[in-house]
Amino acid sequence: MASVRFNDVSKKFGNFAAVANLTLEIMDKEFLVLLGPSGCGKTTTMRMVAGLEEVTAGDLYIGNDRINDTLPKYRDVAMVFQSYALYPHLTVEENIGYPLRVRKVPLTERKRQVLDVALRVELDGLLGRRPKELSGGQRQRVALARAIIRTPRVFLMDEPLSNLDAKLRVQMRAELKHLQHELQVTTIYVTHDQIEAMTLAHRVAVMNKGIIEQLGKPKDIYNNPRTLFVAGFIGSPPMNLIDGEVQDGVFAGPGGLRVPGLGRATVPRAVLGVRPEDAQVVINSAEEANFSAPIYSAELTGESTLVSVRAGDTLLTMRADKNFAGDFDQIVGVRIRPERAFLFDRESRNRVDF
Amino acid sequence: MTRSRASLISQRIAAAVAIAVALILTLFPVYWIAGNSFKFDIDIFSVPPQWFPANPTLKHYNAAFIERPFLQYGLNSLIIAMATTIVSLVLGTMAGYALARFKYPGQWRYQISFWILSTRMMPPIVTIIPLYLAFNYLDMLNTKWAVVIAYTAFNLPFATWMMKSYFQDLPVELEEAAMVDGDTRWGAFLRVALPLARPGLAATAIFCLIISWNEFLLALILTLTERSQTLPIGIAGRVTQYNTYWGEISAAGFTACIPIMIFAFVVQKHLVRGLSFGAVKG
Amino acid sequence: MTAELPIARTAQAVSGPALERWSERHLRVLMLMPAMLVLLALTIFPSIYMFAAATTRISPNPDVPWEFAGADNFLRLLTDDQFHIALWNTLVFTFFAVSIEFLLGLGLALLLDRYIRRLNFLKTILMLPMMMPPIAVAITWKLIYEPQFGVLNEIMFQLGLPLQAWAGDVDLAMFSIIVADVWQWTPFVFLLMLAGLSSLPEEPYEAAAIDGASAWRQFWDLTLPFLKPVIAIALLLRMMDALRLFDLVFILTGGGPADRTKTLSLYIYQVAYRFADPSYAAAISLFVLFATVAFSTWFIKRMRLAT
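Protein chains in written order, with the numbering used here: chain A, 1 to 354; chain B, 355 to 636; chain C, 637 to 943.
Read the hints as simulated data drawn from the structure, not as lab findings. Idealized CB from N, CA, C, for every residue including glycine. A couple of the hints might just be wrong.
Short derived list, chain A residues pointing at chain B, Cβ under 10 Å [to be verified]:
| no. | residue |
| --- | --- |
| 1 | D76 |
| 2 | L90 |
| 3 | L100 |
| 4 | R146 |
| 5 | P238 |
Restricting the straight-line Cα-Cα distance to at most 25 Å, the calculated cross-link-like pairs of lysine-lysine (BS3-like) are [as the list claims (entries may be wrong)]:
| no. | chain 1 | residue 1 | chain 2 | residue 2 |
| --- | --- | --- | --- | --- |
| 6 | A | K209 | A | K12 |
| 7 | C | K864 | C | K937 |
| 8 | A | K177 | A | K29 |
| 9 | A | K177 | A | K217 |
| 10 | B | K623 | A | K132 |
| 11 | B | K623 | C | K937 |
| 12 | A | K167 | A | K322 |
| 13 | A | K111 | A | K167 |
| 14 | A | K132 | A | K111 |
| 15 | B | K457 | C | K937 |
| 16 | C | K759 | C | K864 |
| 17 | A | K12 | B | K457 |
The shape of chain A in the complex, shown without the other chains:
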């Protein structure tokens, strides 16, 4: 059983709390993504599981073993570093075989296993090369191979795709997902890229400033953000967040924006959240619109057109059809359906249900 359990775990550097009172249980065979901006504590959390950071307070378990004081060597975890951390003075074969070498596996057996794994990640022709002779994608696969050669209890991945170019990244995403499914190993994956999180994870833990803002399946995180931070972080382009006030179910925002139908909520300092795909561009003045404004910019992304208008100081972005044709300063209407909108309290940063 290779679950990973954090029980009120904290990590402090001097007086600075990188991770605060984290309680989290990662199921056996689960692919959990720690998502968040730089400095949110996600990498520190993962490094604690690896044994590269000491746990300041709380208990950390792998399976039934409390591993706070166990050397990394004995934790049976494997890690893929962001920079791959390949041993530059060793060949690809020696790199992959290193975990076996330190466990004193005899040479012939080592070579056999290395070849096995290399075939799997399609590195079999490159075994004699040194890391500096490899491309980024190849190096990444070496790092991967080194991690899977041992069939560890837990996989740790620290932004493994961030150093690859866009096309390769998409390709490797699919490969990683497939690999994890094949190997059925508990995986903790750290990234700041929410697309990676959404596409790869069984569950996502969105972290900010050392705490978990929300934990859930990607679909839930997307459709049901519980805090302002999560709402603004997930989604590309990001959710529109407009300051205003809500009186008795009616949201009043800048530039005359009004959105009624929000139940009976009254929130004096509120934030209205609506995703670009849930805000519609209205040209025909016959249709209902909550708001009208001149076009600030219209960007064709290929599959759609992102139309932005100004509402007071904020920019409101809507996803329109790819054939949409509009000029700068052309007046358009914005329709926001209340059932697709989210309401947040500006003070507490939390979601307000209505």
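Starting from the known structure of chain A, arrange chains B and C on it as the hints suggest.
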């Protein structure tokens, strides 16, 4: 464009001239002492001076190596230099790694680093008295070991300092990866950090060897006979009260320089690399 | 940057054999200790001796016990003319020698870096002087400077210039020593500068060229600031060594003529061995040590170098 081409050419010429001048000025004294070592004493002082030995002789080399124990001096220098380099390198590399990687309470790290640097600030003259007294008490005067120990006092801080700055440049992730792969920290040091530190080790070793080979004052005080005396002493020893045996001194001096010159050419690549790490990164 | 590697604290069945745990936990001490102990052992006795000696009066007669003298030896520094002369000589020497070495070293490095990048052979030749035994260097230059038979005067003669006594001349002795030191140590500065120059980034220069900056401007505004750390280290190391100059002076001039080249180290040597006054010698040494430490600390802080 003619103007810039002409100026580029004249710049190139000026540079070549300057470099040629630098080369001549650098090499002349070396050439001079080499030349003198092959001249009879009278020829050394001939007016006008002989730019090239007219009657070359091996008399001085004969005197140095056959009549005097220069070979022994050379051997002593070699043994002492190698011994102190090995000790300083082993201890210094471990200490440098520790200082680069581990956390030490409070201000300790800076204190230690500065202490290490400060051993270079002491005028050596007076430290000689207590060293002499100490070795005298231990009955270790006139042994090679005394000199090795004394040299280690300045080679060790140097080695520690160089290796520390070298290890600081090595990304720590490689050792972390080794630990997660199943190595202990010590194992990661041996199998990952150390092999990658080879250039730094080479450069440090070279400098320690050269410094030890050239040292004069400490060796002078701590040694008495050819059992432990080194080449620099052999050279100075030819300046006696009665006479200055210029010919022999030149032979001795040049002999002391030859191994270094050969050594320098053999390891030139490492020298430049090593200095750039040790100094540029502080 | 240090990374804090973890420390295993308590025993666990899954944690491994006891010796391994213990050594891993204590590795940060185990690796540092041997070097520290050796250094401590080697420096502690001399240090204690020096402090003890500096604060007592040691008579040349070994049977007479040491007398406690407090700060007397240090106070003597204030009134000792010879000490003042030695101090002045040392500072003059340091200033001129280090400045010239710096300018020449930097100049040569700039030249070589621009026009002849790859010739290691050339670099190695230019490095020779600093690798020769200082004693050999001193003796070589003594020969060259020899007024009656030396090469230098011969060259002067050929050029129709008046012959000089060089190392024996009251006005030229210091100059002679400076020249010899510059010959030996400019390569050191040269090497450091070369290393610094080879690691300069290219893009700022490209931007400056596009902006219209001349070669001189580029040097002043880009190269010098980039080189600041290397320059600082070169200057610091050379200054520390120049302040302790001994070998050259000892052989070339013996401190003369008329004390014109008596440096601090030479004076300490005289006090300790010729005047047989090791306590005063210790006091002077301690003064030099503290002055050097204070100066270096100030210098390092000023140049904002990390140690």
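Hints violated by the structure (listed by number, smallest first)
Of the numbered hints given earlier, those the structure breaks are 5, 11 and 13, listed in rising order.
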